[in-house]
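Chains as they are written, first to last, in this note's numbering: chain A, 1 to 106; chain B, 1001 to 1106; chain C, 2001 to 2106; chain D, 3001 to 3106.
The set of hints was computed from the structure by calculation and includes no laboratory data.
It is possible that part of the hints are untrue.
Stated by the list, open to error - The list that follows gives simulated cross-link-like pairs (lysine-lysine, DSS-like), each with its CA atoms no further than 25 Å apart:
#	chain 1	residue 1	chain 2	residue 2
1	A	83	B	1071
2	C	2083	B	1083
3	B	1102	C	2102
4	D	3102	A	83
5	A	83	A	102
6	A	102	D	3090
7	A	102	B	1071
8	B	1083	A	71
9	D	3102	C	2071
All of these numbers come straight from a predicted model, not from anything done at the bench.
Listed here are the chains, written in short residue letters.
Protein chains: 4
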Amino acid sequence: MSSEQVIQEIRAFMAARDWDQFHSPENLAKSISIEAAELLECFQWGPDFDADDVRAELADVLTYCALLADKLGLDTDQIVLDKLAVTGQKYPVEQARGTSTKYDRL
Amino acid sequence: MSSEQVIQEIRAFMAARDWDQFHSPENLAKSISIEAAELLECFQWGPDFDADDVRAELADVLTYCALLADKLGLDTDQIVLDKLAVTGQKYPVEQARGTSTKYDRL
Amino acid sequence: MSSEQVIQEIRAFMAARDWDQFHSPENLAKSISIEAAELLECFQWGPDFDADDVRAELADVLTYCALLADKLGLDTDQIVLDKLAVTGQKYPVEQARGTSTKYDRL
Amino acid sequence: MSSEQVIQEIRAFMAARDWDQFHSPENLAKSISIEAAELLECFQWGPDFDADDVRAELADVLTYCALLADKLGLDTDQIVLDKLAVTGQKYPVEQARGTSTKYDRL
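Okay, chain A solo, but in the shape it has when bound:
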């Protein structure tokens, strides 16, 4: 299945429930943070996790991300590639290799 078919399924799901009215960009951004924290909760007390819970919560984050991208007319693949290019500039391989140091302290 392609990303285009997935967004069509999501659109159909939301339309059937007349939920688009709640999906302002701001509400979607809040929702992404809310679901991201539910994903984080799978790791609240340590590195071990329930694979089913992580799978479900990651899916929720991705769904709201897809909705926000769609609302703003963005292609999720394209914005990721564009950002990778920018990040590549901030973290040249020679300086960044092997370290997690943030770019402003490289």
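Based on these hints, arrange chains B, C and D on the given structure of chain A.
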């Protein structure tokens, strides 16, 4: 471009910098929350937002999501579709249409 | 110094800058999440952390919490004590001692 | 009641359940983000909120903040005041009054 090519670009980017060592599932979950909050910051004081900032931050969230999915051997499209099916059960169209009420209070 | 004096200092700080207009409960809730993620960022790649950074970010979370409590007429000490009583019911010592299991799975 | 008595109540609560073992600074930082998002969820679809829910979730954020401060030997009032002083430098009244613009764009 397909999602498969995007994840390959992301893998190559991370491999060139030897960053996979930092990408435990827990660290990726923390990163998703951190980037989700940077996206939320675009809306901190109201509904208006800078489109370029939102685009960049959404891309960061999606990138870490793609990394986590890849680390766990998950297909991002498939887990979204699977979760939609589960959500459809919790929110039947007849009861959920037009309302944002959470399923346990429907 | 008491919590009452701290909230007075915070109120004076915000009044001098005419910032109360931005402090709707919703904006304050968003701000708490945003700052909580900046605190989390101190631990993004592992358990080690810079003490000064953690101190500063924790202070930001607490400041926005104080503002939200003040906006809603809540006493921060009282609501914490009230919630401890509720949590004590959900996690009786006999069942909860020594385990991090969530109450619905105890 | 003073903040010192509240932290003693929290310490006693946690000791009775032998929960200190889970309270690494990193786990507490994750917990603060998780609870902050539950607070944010009260405002997921708009500015209206249930006062009881907000009160309970804000209490959870504050409790984990108190635990983290205690773990690191920090006084919550003092770190807030110290940070206000720093923030005052970044946002002089003359330039910052009446605007929500971030300091790096003032």
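Quick rundown of the hints versus the structure:
Of the pairs offered as hints, the one joining residue 83/A and residue 1071/B holds, with about 20 Å between alpha carbons and a cut-off of 25 Å not exceeded. In summary, the hint linking residue 2083/C to residue 1083/B is not supported, as the alpha carbons are separated by about 33 Å, beyond the 25 Å threshold. At most 25 Å may separate the alpha-carbon atoms for a hinted pair to count; residue 1102/B and residue 2102/C meet this at roughly 21 Å. For the given pair, residue 3102/D sits about 23 Å from residue 83/A by alpha-carbon distance, which is consistent with the 25 Å threshold.
Under the criterion of a C-alpha separation no larger than 25 Å, the hint pairing residue 83/A with residue 102/A is consistent with the structure, at around 16 Å. Proposed proximity of residue 102/A and residue 3090/D is supported: the alpha carbons are some 22 Å apart, at most 25 Å. Straight-line distance between C-alpha atoms of residue 102/A and residue 1071/B comes to about 22 Å, which keeps the hinted pair within the 25 Å bound. With a CA separation close to 20 Å, the supplied pair residue 1083/B and residue 71/A stays within the 25 Å bound.
Taking the CA atoms of residue 3102/D and residue 2071/C, the gap is about 22 Å. The hint holds against a cut of 25 Å.
Of the numbered hints listed earlier, the single one contradicted by the structure is hint 2.
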